[in-house]
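J.: One line per chain: the protein sequences are A and B, in this order. For the first sequence, this note's numbering begins at 1 and goes up steadily by one. For the second sequence, this note's numbering begins at 1001 and goes up steadily by one.
Just so you know, the hints here were simulated from the structure itself, not pulled from any lab data. No experiment lies behind these values; they were computed from the predicted model shown. Glycine included, each C-beta is placed from N, C-alpha and C at the ideal position. Check each hint, because a few of them may be wrong.
Estimated spans, in silico, between C-beta atoms of each pair [to be verified]:
id, chain 1, residue 1, chain 2, residue 2, range
1, B, Thr1121, A, Phe22, 51 to 61 Å
2, B, Leu1142, A, Ile21, 50 to 60 Å
3, A, Ser14, B, Met1175, 57 to 67 Å
4, A, Val54, B, Val1057, 42 to 52 Å
5, B, Glu1107, A, Phe22, 18 to 28 Å
6, A, Ile68, B, Glu1193, 43 to 53 Å
7, A, Lys39, B, Leu1091, 22 to 32 Å
8, B, Asp1128, A, Ile7, 42 to 52 Å
9, A, Pro15, B, Met1175, 52 to 62 Å
10, A, Val47, B, Glu1193, 26 to 36 Å
11, A, Ala26, B, Glu1193, 48 to 58 Å
12, B, Leu1101, A, Val47, 25 to 35 Å
13, B, Ser1035, A, Ser14, 52 to 62 Å
The following residues of chain A were derived to be distant from chain B, with all beta-carbon distances above 10 Å [unchecked claim]:
id, residue
14, Lys5
15, Ile7
16, Phe10
17, Leu37
So you can see what is in the structure, the chains are spelled out below.
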Amino acid sequence: MNLTKVIDFFLSLSPWSVAKIFVLLALFIYVCFAFILVKQVYLMTKVLYSQLDVFLKTISLLLLFLAIAIFLAALFFL
Amino acid sequence: MPDLYVAKSNKVKPKLTPKLLRSNNPVAAFALKPSNVFFENQKEQEEILLLLRSHWVTNLGWITLGILFIFLPLFLLNFPVIAFLPLRYKLISLIGWYLLLIAFIFERFLSWFFNVGIITTHRVVDIDFYGLLYKEISDAELEKIQDVTEEQVGAIRTIFDFGDILIQTAGERKMIEFSDVPHPRKVIKLLQEIR
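Extracted from the complex, chain B is given alone in its bound form (with noise of 0.2 Å):
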């Protein structure tokens, strides 16, 4: 039989996502409540829910370079261009081929690794560095956000489930944007979940 009244419930709509698995992955692009990660001015009560860095198929461009770099002396050296060179100056240019591409390897590691946007339980923070010489951080209260939207345009981004992610914002910063993202679907959802 049906009710012909059903009273309202008291119970309130839990504010986080309750299913929110740790993440204990320290190079994760997509992390839920990653383990020992705070960010600077990170406040006492705010917590980290999600972690979020550009998905791993965008660094197989310089991955593949390295890995090619690599073995280049070696192709080199079936063909006589440094021939001429003494065995000391052969060793430093080796040398030197080697710096620069550890010098390649690590900036872009870094570039990738702290080129990050946050979730917490109070805000949106997107970290940018460009380069080594430029940083720039801007965040924006979840009270404040007006819009977001997802833009997953190209197979490849299809394929691998990752695209951009644009909060518009009604703060002094009008627009933060989380470039090459996995799961951006997930990440909207999350942000419909807890504003």
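Only chain A is shown next, with the shape it has when bound in the complex (with noise of 0.2 Å):
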């Protein structure tokens, strides 16, 4: 019955909506990818010292915001 259910759902979706729930999963896979990076970031800092800390730092930090922003926004606009 449930899944009878659940599979009448999957069929009612557009190809669009089965396209978007790709790319928010995919997009949700990056965001975790950019919040690892982060981290590691801030490890292998602390292995190695350098001038480009905080550059790198501030990059991975970017990227990590940026991430979320773009899947914030497909959510919403896609």
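Each of the two chains sits in its own frame; use the hints to bring them together as a complex.
T.: In structure tokens:
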């Protein structure tokens, strides 16, 4: 019964809605990756401190914020 | 007239190379006494004499690929591969492509920048990051170095003067390897002088 409802729900979706789900899923994975990247940069700069530390941390944080912003934009405007 | 007797000099041979000029380039692959560089577990009186990264030639592959991938969407615009997509999806595809490209370039740069070999006044340290999730740090006291071998195979390595340095130690980890480092002979000479 429930399975039929689930199947009906998916069949009622337009192809673009399915595409949106996949796009959001991909962007969510990217946000997770960007978060791991930030953690990794912080860990790397702890192991080896250099003049570029602030620059690299800033880039990684910018990438994370950009990924979140694009995820939200895709959620509301796609 | 030749000297009949020459007294032994009491001068102590300097342990460190005297002509080490301090490197200020933060992205140098061969940095002598790099300024403002420290590593985890560095002792108080320990000074970094040489910081080594892979030669810049080893980065040419991903740099070239990165540049080509920047222009790939422009190339694809001439072919109706994604022409059927609505404008919003075309835009998100383009953004997604450049996000992946940024991640690729940044990850490769980090991988190059933080994979270093360090020679200090006390020891040699090898810091390796494989991908984003695996870290390996090994070190050996200078006294425990038994043998140093240089490997420079191939035309590219000979032309650009870079190669591998294998440091055999008496420590727990038998071998420390600095891969694709510039001027391997200079590195070996420095190691010989400070050992």
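J.: Now tell me, hint by hint, if it's right for this structure.
T.: Hints and how they fare:
Our hint of 51 to 61 Å for Thr1121/B and Phe22/A holds, since their Cβ atoms are close to 56 Å apart. Taken as a hint, the range 50 to 60 Å holds for the pair Leu1142/B and Ile21/A, whose Cβ atoms sit roughly 59 Å apart. Distance hint check: the CB atoms of Ser14/A and Met1175/B are about 60 Å apart, consistent with the given range 57 to 67 Å. The hinted range of 42 to 52 Å is not satisfied by Val54/A and Val1057/B, whose Cβ atoms lie roughly 28 Å apart.
In this structure, Glu1107/B and Phe22/A meet the distance hint of 18 to 28 Å, their C-beta atoms being roughly 23 Å apart. Checked against the given bound of 43 to 53 Å, the beta carbons of Ile68/A and Glu1193/B, roughly 52 Å apart, stay inside it. Restraint check, Lys39/A to Leu1091/B: a C-beta distance of roughly 30 Å satisfies the suggested window 22 to 32 Å. At roughly 50 Å, the beta-carbon separation of Asp1128/B and Ile7/A lies within the given 42 to 52 Å, and the hint holds.
Between Pro15/A and Met1175/B the beta carbons are some 57 Å apart, a value that agrees with the proposed interval 52 to 62 Å. Between Val47/A and Glu1193/B the Cβ separation comes to about 27 Å, which falls inside the hinted range of 26 to 36 Å. Against the hinted window of 48 to 58 Å, the Cβ-Cβ separation of Ala26/A and Glu1193/B comes to about 54 Å, which satisfies the hint. Checking the proposed 25 to 35 Å range against Leu1101/B and Val47/A shows it holds: the Cβ atoms sit about 27 Å from each other.
In this structure the supplied range 52 to 62 Å holds for Ser1035/B paired with Ser14/A, their Cβ-Cβ distance being about 60 Å. Once the 10 Å rule is applied to beta carbons, Lys5/A is consistent with being away from chain B; the minimum gap is 28 Å. Consistency note on Ile7/A: stated as away from chain B, and its beta-carbon is indeed over 10 Å from all of that chain's, at 25 Å minimum. The claim that Phe10/A lies off the interface holds: its Cβ sits roughly 20 Å from the closest Cβ of chain B, which is beyond the 10 Å cut-off.
With a least CB separation of 7 Å from chain B, Leu37/A falls inside the 10 Å interface cut-off, contrary to its annotation.
Hint violations for this structure: numbers 4 and 17, all remaining hints satisfied.
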